[in-house]
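Novice: Assemble the whole structure, with the sequences as input and the hints as a guide.
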Amino acid sequence: MGFRDLIADFKLQWGVHPDGHKSLTSERPIESMPLPERLVLPLAQHIGAPARPVVAPGERVLRGQRLAEPVGMVSSAVHAPTSGRIADIGDYPVPHPSGLAAAALVLLPDGLDEPVAFEPCEDPHSLEADEIARRVAAGGVVGLGGATFPAAVKLGLGKRNPVHTLLLNGGECEPYLSCDDRTMRERPQAVVDGARLMARALGAQAVVIGIERNKPAAIAAVQLAASGHPEVSVRALPVRYPMGSEKQLVAYLTGVEVPAGGLSAEVGVVVHNVGTAAEVSRVLRTGEPLTHRALTVSGAAISRPANLRVAIGTSVADIIAHCGGVRRDVARYVMGGPMMGMLLPGTDVPVVKGSSGVLSLTSEEAGGGSASACIRCARCAGVCPIGLQPFEMAARIRAGRAEAAVDLGLKDCIGCGSCAYTCPAKIPLSHYFSYAKGSLAAAERSRLKNESIKKLTAARSERLAREAREKAEAAARRKAEREAAKRRAAEAAAGEAAEERREVPQVSA
Amino acid sequence: MLIAVTSLTLIATCLGLILGIAARRFHVEPPELVSELEAMLPGSQCGQCGFPGCNGAAEALADGLAPVTLCPPGGPALALALADKLGVQVELGAMGEREPTIAAVREDICIGCTKCFKECPTDAIHGAMKQMHSVMKEACTGCGKCAEICPTEAVTLVPVAATLGNWRWREPAFA
Amino acid sequence: MSEVLILLLSTALVNNVVLVKFLGLCPFLGVSRKLDAAIGMGLATTFVLTLASAASWMLEQWLLEPFGLGYLRIVSFILVIAAAVQFVELAMRKFSPELHQVLGIYLPLITTNCAVLGVALLNVQQGSDFLHALLYGLGSAAGFTLVMAMFAGVRERLELAAVPASFSGAPIALITAGLLSLAFMGFSGLRLD
Amino acid sequence: MTTPVHAPHAHDGGSVGRVMRLVMLALLPVTLWGFYLFGWPAIWLWLITVGSAMLFELVCLRVSGRGGPTILRDGSAALAGWLLALTLPPWSPWWIAVIGSFVAICIAKHAYGGLGQNPFNPAMVARVALLISFPLEMTQWVAPAPLFSGTGPDAIEALERLLFSSPIPDALTSATLLGHVKTEASRGVDLLASVPSFGAAAADGIGRHAGSIGETGSWLILAGGLFLISRRVIGWHVPVAVLAGLCVPAMLAHGLDPAHHLSARHHLFAGAAMLGAFFIATDLVTSPATVTGRLLYGLAIGFLSWVIRSFAGFPEGFAFAVLLMNACVPIIDRFTRPRIYGHGATDGRAA
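Chains as they are written, first to last, in my numbering: chain A, 1 to 509; chain B, 1 to 175; chain C, 1 to 193; chain D, 1 to 351.
Simulated crosslink set (BS3-like; lysine-lysine; CA at most 30 angstroms straight-line): (1) A:Lys471 x B:Lys115; (2) B:Lys115 x A:Lys455; (3) C:Lys34 x A:Lys437; (4) A:Lys437 x B:Lys137; (5) A:Lys479 x B:Lys115; (6) B:Lys85 x A:Lys411; (7) A:Lys455 x B:Lys118; (8) B:Lys85 x C:Lys94; (9) B:Lys118 x A:Lys479; (10) A:Lys454 x B:Lys145; (11) B:Lys145 x A:Lys449; (12) C:Lys21 x D:Lys182; (13) A:Lys455 x B:Lys137; (14) A:Lys471 x B:Lys145; (15) B:Lys115 x A:Lys449; (16) B:Lys137 x A:Lys411; (17) A:Lys471 x B:Lys118; (18) A:Lys411 x C:Lys34; (19) B:Lys130 x A:Lys455; (20) B:Lys85 x A:Lys437; (21) A:Lys454 x B:Lys115.
Read the hints as simulated data drawn from the structure, not as lab findings.
Please read these numbers as outputs of a predicted model, since none were measured by experiment.
Specialist: Listed below in structure tokens is the structure:
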């Protein structure tokens, strides 16, 4: 720990130090979990448009076969983790706090695990930048840290902004999780290799791998793996949450802040997760797409905490059963870490590409309890990594004034949950902010709808006016015609009458 | 007496002169409040506010005769925007989080009379004589005019279905 | 110099127009819902008050007193104040339409702000010279602006507080004003000599 | 389906009740010392103040329909009563305590909606209201009459005195240093004469002189305050700023004119400065939320109390200074908001 680090650490004011619970799993190597009887593969496992299925129910598919293709610019493909039959394409419960169902493919493995023909690449470092990005996209790789942003799209950022540094996030600051730690210890070569490939795709000259100081074995392993590559450096990070947040990592490692509402690429930096790097290396070298991932199964209630490599689509219930079930009352099943992860409505949901952990938390671990009034202690403001004043924002949101919360920086909130974690009144601050962001998004949607409706209405009134005008014109025309006809008839009749008068004596009417 | 009258007149004249000059120098055109307000309203003339069309509503708002929460299709977002424009306090509680609804046509009862889509202020209902009508979700404001006019009660307002796209966190419960 | 400072401090704090003399309570309660509006109102009042103090002093010294027109004092002072207010309103509409919209109907209220008339009359009563009259006006106005800003800040926070229904609005505003007045009593007897 | 619970699914275990309990723990030593110094009347007064504060809290909560006794457990009412008791003359009659509690709890706190909503410090509102309404009773100080020394009344006698408000025997009445020098100054006696005439006990910080419990035992209060800082219940910013705001002008003025200005040591130990700096000004609800704001707020409180002590009519100005600055807190908060990441000076776009 150098002098520069000491200074930088001293200047860090934000953050919390939640109980890590890392020792539950950090010494357990990643083991492969056997395939379950059924896999559910949601079409939206990434940020962006859901993928479009390219197989039909009843079809037999092979391991690594593409089941759904990306739609639009920001999207990602879905591949089969094993060979088997597509049983159904329909709405199934997905990991989402709402507990709603969404479109997914159901794959019944046949046990043969028959692969498609992959195209391995001996020397991916000789590939062009675009080709690397293309192969990463074809492999369906998304950010494995939890944000699930399609990795290839992020690799294309180098085109619009010159990127000088690729930061690799090995912070893993969320409590309980240790799958990144294990990946770095077990596959340091893959991490460094993937990082170098991504740097090549981005055109970045330097790679900085940031790892929290509570993972000395990972730091040593990655340092050793990086020793032959002068462009790759490893930096130890202070242990505090949320060190692994992109904005915090960029500020700590480069000293530059990501502009509000902007991308880190605008300051020449792109951040990827270490797990993503390891996958990128594997996808490029073997040609096999992303179909499995490492995740941590932990929490005080689980019988056998573990790090597992599971097929994407495996249900949480299967994973818990594999780990010996639960031994205590589970207050909450959480997917991801406890700070930002989501509460699962049930265990009948599949693991997706972004699932970094499955936690079975007891009520003591989960904390909570009923909220009381804010005492303005401003601890939340002290720990906020962004410099917001959560209690002021929440007070405004509670008073129904989300707009006022936006003035205080609601849109800059990264949702890390540090404020709610530390609040002595147990006010669900993060929940307030998600609620307000949702309301604002809904208001924006309704505003857009109002605008399009206004256009529709204008079109309608124009149409009505036109129709009325046409009708009036037509009526006028008809009237004119009728009158002309009447006149003609009258004239004709008059003429005839005159003639008749001449011929026949007038008959009284 | 004379001095008093003269001096007061003198003061008043001087001040009046100053104000007159100031009024001319600092002249600004008053903004057309009604047209600005009308531009903010949805413009679907649905009449749910109880005023004759959006123009009527805008006039009532400008005169302070109507609350800013008058427009159900505009929702709380519009109410806040109007309150901001008019510089008044807004009581969103009165408006409530109205569950958004859209019209839906029940196929088994619809007789295809076309009355509803003639009534629809946004042309959100499509169909033809003696044929099933359907509702365009994007265009429907949930104003309910179609439901009122339908002779067989085949058009009803239903809550917008929750999807991952429109789902959002509810307000936290607070002790 | 120190005399000027003492006069300003004593008029602004010790003899605060609002909290000690209880003048100008109408805008104090009326325009204190938003901090920006309150500060704007305070600044507008400062301008009017200072202008009116000076103008009424001149009026008093050069017209009312020489001609023995003391009985016209209140009428003519109000005339001057009203004109000054009109002038401020015109200027504000031109140069700061936002503030004009926020202050809205309260701006003409400065006309009937008893603090303005009160300070002008107190000046006459105390027989101040021109500089003192001006400083007295300025100090009072500064005190007015200060408490307006403090009060509006507190009220903005009260907007977010869970004030019981029976207290919300005017009652809690008056309680707050009372407590503020209590705090200002700490300055009573302040002597800087 | 279960109702969705938002992350985080973890908590650091702190609670409002814990904060209040730690503050009370920190107040305990000086309170016990005060009980010893001023004897049974002080003990009864403390009990009545705290008890009536809790009673009023209960009534207010019941009336506003926000739950029953369980909410008392957060301890905020007891703490407000406790702080008020420490600022009253130790031999005050019972109705002073009850009226004070009423003002603190019902008016300064619950009229605003209860815990966390009040802009003004309840204990200080009550003290100032009492001081202005009952100036005589609120300046009836007694010289220390320690327990077991036989100088003060015993438990029963003290209770009778409290309930029937019998006058304090002249032999026991005394004045605080700040009150003493103010009175002397109004008679034209300057500090060079009036301070020595008060006695040496005034500024040793042990508190063997007249005053409220909170004005004695300054060292114990300081220790309690340091304990709170070490447990991160309060920050160091407000206390340090208050003491600096008080001492720096005091030192300057004393250096220039020792005949008319008390020394910084007297300002620190003779009045409520310590209690105010560590326990009153640091009240979370009514102090600013930002570091810069807290420094400003503290400096202003210290300075204003020095101004009021030195120039205004009241001998002790701390409560007024706190209330004045409480009123400024929203403005301070608004203009000292921290910079938000990615905005402003080090904006990446600008760089």
